[in-house]
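Participant: Sequential numbering of the first sequence, starting at 1, is according to the numbering used here.
Among these hints, one or two may not hold up.
Stated by the list, open to error - Simulated crosslink set (DSS-like; lysine-lysine; CA at most 30 Å straight-line):
(1) Lys45 x Lys85
(2) Lys351 x Lys362
(3) Lys108 x Lys45
(4) Lys107 x Lys91
(5) Lys281 x Lys338
(6) Lys85 x Lys183
(7) Lys31 x Lys107
(8) Lys31 x Lys149
(9) Lys31 x Lys85
(10) Lys85 x Lys108
(11) Lys108 x Lys281
(12) Lys309 x Lys107
(13) Lys149 x Lys85
(14) Lys338 x Lys85
As the list claims (entries may be wrong) - Label pairs and their in silico Cβ distance ranges:
(15) Thr19 x Gln266: 30 to 36 Å
(16) Ile54 x Ala81: 17 to 23 Å
(17) Arg28 x Lys281: 28 to 34 Å
(18) Ile54 x Leu96: 19 to 25 Å
(19) Tyr453 x Ala82: 39 to 45 Å
(20) Tyr413 x Trp320: 35 to 41 Å
(21) Phe189 x Gln84: 53 to 59 Å
(22) Glu223 x Gln84: 44 to 50 Å
(23) Leu308 x Glu255: 50 to 56 Å
(24) Lys45 x Asp187: 49 to 55 Å
(25) Thr19 x Ala82: 53 to 59 Å
(26) Pro62 x Tyr453: 29 to 35 Å
Don't read these hints as lab results, they were simulated from the structure.
These numbers come from a predicted model, not from an experiment.
Cβ atoms here follow ideal geometry from the backbone N, Cα and C, with glycine treated the same way.
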Amino acid sequence: MPDTLRHILASESALTSITVRGWVRTRRDSKACSFIEITDGSCFKGLQIVVDAILPCSSLMPSILTGASIEVDGDLIPSPAAGQKWELQAKEVRLLGEADATYPLQKKGHTPEFLRTIAHLRPRTNLFSNVFRARSRMSFAIHRFFQEKGFFNVHTPVITSSDCEGAGELFRVTTLKQGSNAKPEDDFFGRPTYLTVSGQLQGETFACALGNIYTFGPTFRAENSNTARHAAEFWMIEPEMAFYDLDADMTLAEENVRYLAAAMIQECPEELEFFSKFVDKNLVSRLQQTIDQPFQRISYTDAVDLLLKSGRQFEHAVVWGEGLQTEHERYIAEEHVKGPVTIFNYPKGIKPFYMRQNDDGKTVAAMDLLVPGIGEIIGGSQREERLDVLTAAMQHHGLSEADYQWYVDLRRYGSVPHAGYGMGFERLLMFVTGVSNIRDVIPFARTPGHAPY
RNA sequence: UCCUGAGUAGCUCAGCGGUAGAGCGGGUGGCUGUUAACCACUAGGUCGUAGGUUCGAACCCUACCUCAGGAGCCA
């Protein structure tokens, strides 16, 4: 198996007769030799290769431009010059794949906006290779967090016939020809189907069987949202726990965020160094604060009070019973608390049917975890486990019980208190990398009018 | 979807009514154990698209397209 640069650069001693492969970042020629820097994606750092001009293969140099792929045999030796610990003294250089002058990535900074237009090449850049290495490690850390707690991973369906009410517009899945008069009964599944907006309802069925479960998969929203925080296809982590109340739900969510902040610091040191240097100077202190400080909790009612008493002129009025606007959430997270904060017990009128009604008759056991800079990163609730209250709520929301018969059955047979939440994976990545646009933390972003790959 | 701003060389941008510019990248030559090297020369553009105003438009006006920032919706 070919060795990676990550492994080679970590070597404790010089190595003779090794072979390296990678993509050329830059080449500099001098009279006696050429310097080539290659990366192979295994780590942020590259390897400097020195090719003496007397070697026959030095005739290849003019075709070794930025972006080309090469394979080099040589010896790993301590570098006599400053800038790197090791370098490879080449014996033989082979050009694997040429890259001519049209290669779009140059030896200079590019804007993320330009790099989005070449999403197939951007993982080769410093920024995006770091982002996607971090994404992979964070993904693994999420599984580890839940697996260590004994949670089971459940693969909920991508194609569903149920709308997780309130979660937004759906993408229709159909094999019917456009414009045909065929009825839904004639469609592939014999009924209208959609790409899932959430695995929650199916997740609840498994929580009411296996106890503690989580899902981690893609979800889809056909909303015409054009912001740096929304994508039409995004990944969501949705734990669902039997016998949890809202308080336990919030505690798990806080622990979850704290664990991932710590994982970023411990498992992505090179990436973190890059992000805090070039993307977000406050990143390390923000992560450290997330780990060290207890998260605050504020009830929705108290949040409305503190907004009203803040003396702030908000563009949108603060009114009990209406949703908190972005500016309100930002004020609470960034100026009042100055850190992550959970807001709980929202008015029932602005929340979906499945959230558990509180005894006050006005609020439901819902919570949103807000972080500075991004806003809502987690939304969750204790679920309504009482059959009569749930069916009344469904009726109130204009939902037919027949469509949700299986969901209602969970309350009919051995119903238990349970709770869960959804965490947007990309929003989490924005939080732990400092990258400010969701399109830049997902490999191929899907946004309105944009799915070119 | 709404509000604001921007589209000029492969990339980053300057030019804002009178012959289309720079840096980087490419080519050629020079220099150098170089570090997104350096020096000189050189190639490269229907100024987002379509109309309009004007003797003359990259520049002013209109529409459209695209992108960005903010808002709504949410994760």
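Participant: Hint by hint, which ones does the structure fall short of?
Facilitator: Violated hints (numbers, rising): 6, 8, 12, 13, 14, 23 and 25; every other hint is consistent with the structure.
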